[in-house]
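Visitor: Starting from the given sequences, assemble the full structure and let the hints guide the process.
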Amino acid sequence: MTSKTLIPRREFLGASGVLTGLIAAGSPLALLAPSRAWALELKALSSSDGATLMAVARTLAPHDKLDDAAYALVIQAVDAEAAKDPQVLAMLRDGMRTLGPAFATAPEATRVQQLTAIEASVFFRTLRTQTFGVLYATPLAYAYFGYEGEAFSKGGYLLRGFNDLHWLPEVPPEDSGPVPGA
Amino acid sequence: MARISQDDSGAVVIIGSGAGGGTLAHELTRRGIKVVLLEAGARQSLATFSQVPGDAFAQLTWLEPRTFSGSSTVGIDYPTLPSWTCKTVGGTTVHWTGATPRIRPWEVRSRTTYGEIKGASLIDWPMEYSELEHYYDLAEKRMVVTRRNGNPGLPASNHFKVMYNGAKRIGYKRVHTNYMAINTRPADERGFCIQQGFCVQGCKTGAKWSTLYTEIPRAEATGNLDLRIQCRAARIEHGENGLVTGVVYRDPQGKEQRQKARIVCVACNSVETARLLLLSESARFPKGLANSSDQVGRNYSCHTGGFVWGIFDKPIHFWRGTTLAGIVEDETKHDPSRGFAGGYHLELAALDLPSLPLAGLPSTMWGRDFAFVLERYRNMAGIFINGEDMPRATNRITLNPKVKDSFGLPVANIHNDDHENNAAMRAHAQRQSKALYEAVGAIRVVSSRQTPATHNMCTARMSKDPADGVANAHGQSHDIANLFISDGSAMSTPGSANPTLTIVALALRQAEYIAGQMGTHSI
Numbered sequence: 000m001t002s003k004t005l006i007p008r009r010e011f012l013g014a015s016g017v018l019t020g021l022i023a024a025g026s027p028l029a030l031l032a033p034s035r036a037w038a039l040e041l042k043a044l045s046s047s048d049g050a051t052l053m054a055v056a057r058t059l060a061p062h063d064k065l066d067d068a069a070y071a072l073v074i075q076a077v078d079a080e081a082a083k084d085p086q087v088l089a090m091l092r093d094g095m096r097t098l099g100p101a102f103a104t105a106p107e108a109t110r111v112q113q114l115t116a117i118e119a120s121v122f123f124r125t126l127r128t129q130t131f132g133v134l135y136a137t138p139l140a141y142a143y144f145g146y147e148g149e150a151f152s153k154g155g156y157l158l159r160g161f162n163d164l165h166w167l168p169e170v171p172p173e174d175s176g177p178v179p180g181a
Numbered sequence: 000m001a002r003i004s005q006d007d008s009g010a011v012v013i014i015g016s017g018a019g020g021g022t023l024a025h026e027l028t029r030r031g032i033k034v035v036l037l038e039a040g041a042r043q044s045l046a047t048f049s050q051v052p053g054d055a056f057a058q059l060t061w062l063e064p065r066t067f068s069g070s071s072t073v074g075i076d077y078p079t080l081p082s083w084t085c086k087t088v089g090g091t092t093v094h095w096t097g098a099t100p101r102i103r104p105w106e107v108r109s110r111t112t113y114g115e116i117k118g119a120s121l122i123d124w125p126m127e128y129s130e131l132e133h134y135y136d137l138a139e140k141r142m143v144v145t146r147r148n149g150n151p152g153l154p155a156s157n158h159f160k161v162m163y164n165g166a167k168r169i170g171y172k173r174v175h176t177n178y179m180a181i182n183t184r185p186a187d188e189r190g191f192c193i194q195q196g197f198c199v200q201g202c203k204t205g206a207k208w209s210t211l212y213t214e215i216p217r218a219e220a221t222g223n224l225d226l227r228i229q230c231r232a233a234r235i236e237h238g239e240n241g242l243v244t245g246v247v248y249r250d251p252q253g254k255e256q257r258q259k260a261r262i263v264c265v266a267c268n269s270v271e272t273a274r275l276l277l278l279s280e281s282a283r284f285p286k287g288l289a290n291s292s293d294q295v296g297r298n299y300s301c302h303t304g305g306f307v308w309g310i311f312d313k314p315i316h317f318w319r320g321t322t323l324a325g326i327v328e329d330e331t332k333h334d335p336s337r338g339f340a341g342g343y344h345l346e347l348a349a350l351d352l353p354s355l356p357l358a359g360l361p362s363t364m365w366g367r368d369f370a371f372v373l374e375r376y377r378n379m380a381g382i383f384i385n386g387e388d389m390p391r392a393t394n395r396i397t398l399n400p401k402v403k404d405s406f407g408l409p410v411a412n413i414h415n416d417d418h419e420n421n422a423a424m425r426a427h428a429q430r431q432s433k434a435l436y437e438a439v440g441a442i443r444v445v446s447s448r449q450t451p452a453t454h455n456m457c458t459a460r461m462s463k464d465p466a467d468g469v470a471n472a473h474g475q476s477h478d479i480a481n482l483f484i485s486d487g488s489a490m491s492t493p494g495s496a497n498p499t500l501t502i503v504a505l506a507l508r509q510a511e512y513i514a515g516q517m518g519t520h521s522i
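Chains as they are written, first to last, in numbering that gives the first Met the number 0: chain A, 0 to 181; chain B, 0 to 522.
In short, the hints are calculated from the structure, not lab data.
One or more hints might be untrue.
Straight-line C-alpha distance at most 30 Å; calculated DSSO-like pairs for lysine-lysine [as the list claims (entries may be wrong)]: (1) B:LYS403 with B:LYS259; (2) B:LYS313 with A:LYS153; (3) A:LYS64 with B:LYS463; (4) B:LYS259 with B:LYS33; (5) A:LYS83 with B:LYS403; (6) B:LYS254 with B:LYS286; (7) A:LYS64 with A:LYS42; (8) B:LYS140 with B:LYS433; (9) B:LYS33 with B:LYS140; (10) B:LYS117 with B:LYS332; (11) A:LYS83 with B:LYS401; (12) B:LYS140 with B:LYS313.
Some chain A residues well away from chain B (every beta-carbon gap over 12 Å; in silico) [what the hints assert, rightly or not]: (13) LEU59; (14) ALA89; (15) GLY99; (16) ASP174.
By construction, the Cβ of each residue, glycine as well, lies at the ideal position given by its N, Cα and C atoms.
Guide: The structure is reproduced here in structure tokens:
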């Protein structure tokens, strides 16, 4: 990728940045993604903005073994909002200015402290909503957290484990009901 | 399906096609009465229900803006969605979970039973419980409710096993897979539950009762129903004699239309029912229709609610299975020694992964603590608290002239201050739920705060004394004989039961009354 020369020029022009990463070998995401290497082109935000927001998202929802690729979808959604609405972009820039350029590489304890200080801000509330709203709605998150999702197309969970829990006693018939087909 | 002329002043116009409006439409049309049914939303089907949680939410939800005021934490945690209602044919019967417990005898006499409670606006219902019971019987047969009329219960899921064993270990006696309008086996020309866990996204087997595929098509088959979809009511008009004469609405193209009516029944779910009555103000009725008592919009009740999540060190997979098929009934009693009046149900509740972080956990949660919970999504169990909400005259739907909907009409403002009785009840329910989960080995228990109301009630309530409410025991407005309240707005108090069964029971009762009154030309 030629981004080493491309990114500064784009930033100079006030245009977009790029976020890149490599999905860890052995990650469940490696099975879902078309390739281990990924790149996300940003429309309104710079590469350093992307890195800062990535650090914000990873501090809000710190899943150590979840690849940056999943968080990149959050940044993509935030960037899309910023590209649509200059007020959102200004709000994000303000928030990132408060956090400062060192935020992206600061230790977690420092990042938590900095975010705690701005918990009531629109910036924080927006990033929390975007991170939580996007991160867990992706196939990557379904795979990571073990959520099986939609089941109608597979006949529901009736024959796929809705009652396969055996670490507690069974419910007596009078408080339960018949399993269809059983 | 019938086509009824907009100038036909003999028709009954029902606004809203959910539990109240959809049921009423069927009951009137099968008696030979012509009905125009206005529905603001589009018509989905088993085939078109989205199974992507976010898309399903957008497909079914009323997304026009509403504003919020008051001290309830709902305003902090869910600023853009203080109430979660539907805009679709079938209304909230498309996204409801199918839970159908009954209101209890003392709950229709709450003012008498609980006595004077400071800051509350309790009244007794203007009917005997025995009258309501008769219609509960009819509603349960119609909806094929489990554990009633010889219908078997739904089978216990993994998730219910956790609730059941925990509840029994802390001494609860009445714990079972809930009363559910969800078929255990095929019935009512509908499929059976295949334990999908996608109850609030629209049930793709039709196992869950909904007016969308029961009452409404049956009403259409009578030849007496004119269902007009994507038609949103803007105001109800009246004549010089003070009786209502018709409804002004916007058609799918946004064009204003006018339907004449002999009777108008309002069933828009409590927030919008109150808003429509208030929007219909006139020189003669300057405070809005049916509002000489100034009670329209007041006493807005939800349920004292919230989630409690138990986190375990073993898998549960709580998303597999009927979402709400589990209930603890032991706390549904009036026992002031617990420190509050009235009672609550504990009901099983799972949330899909995308919805859990924002809809299920307190808005103060993030960071390592939050991640600890999410990392154990497979090992979670959930309870939804559903308790009586203490009504207050100041908890109220009003018009917000500063914010307009897409047609330029003022939106509803929801004002809600939590009564101290609710706070005491919620704390008790959270403690009990925590004990329940810890009794079966929970390593962590997390409680949400009050969640957005899916249960909206009492904003045009039935009252014996016209000064205390908006309608009589048949939902007929005290002020205007041919204007009816036909949804949960009419409930005199909220009780502690999920409201749909009660709304259907009241609609069945109201249909009999309206048909009788029309038959004798009293209306």
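Visitor: Does each hint fit the structure? Answer for all of them.
Guide: The hints, checked one at a time:
| no. | hint | in the structure |
| --- | --- | --- |
| 1 | B:LYS403 with B:LYS259 | holds, 26 Å |
| 2 | B:LYS313 with A:LYS153 | holds, 25 Å |
| 3 | A:LYS64 with B:LYS463 | violated, 62 Å |
| 4 | B:LYS259 with B:LYS33 | holds, 12 Å |
| 5 | A:LYS83 with B:LYS403 | holds, 23 Å |
| 6 | B:LYS254 with B:LYS286 | holds, 26 Å |
| 7 | A:LYS64 with A:LYS42 | holds, 28 Å |
| 8 | B:LYS140 with B:LYS433 | violated, 36 Å |
| 9 | B:LYS33 with B:LYS140 | holds, 25 Å |
| 10 | B:LYS117 with B:LYS332 | holds, 20 Å |
| 11 | A:LYS83 with B:LYS401 | holds, 25 Å |
| 12 | B:LYS140 with B:LYS313 | violated, 39 Å |
| 13 | LEU59 | violated, 5 Å |
| 14 | ALA89 | holds, 21 Å |
| 15 | GLY99 | holds, 19 Å |
| 16 | ASP174 | violated, 4 Å |
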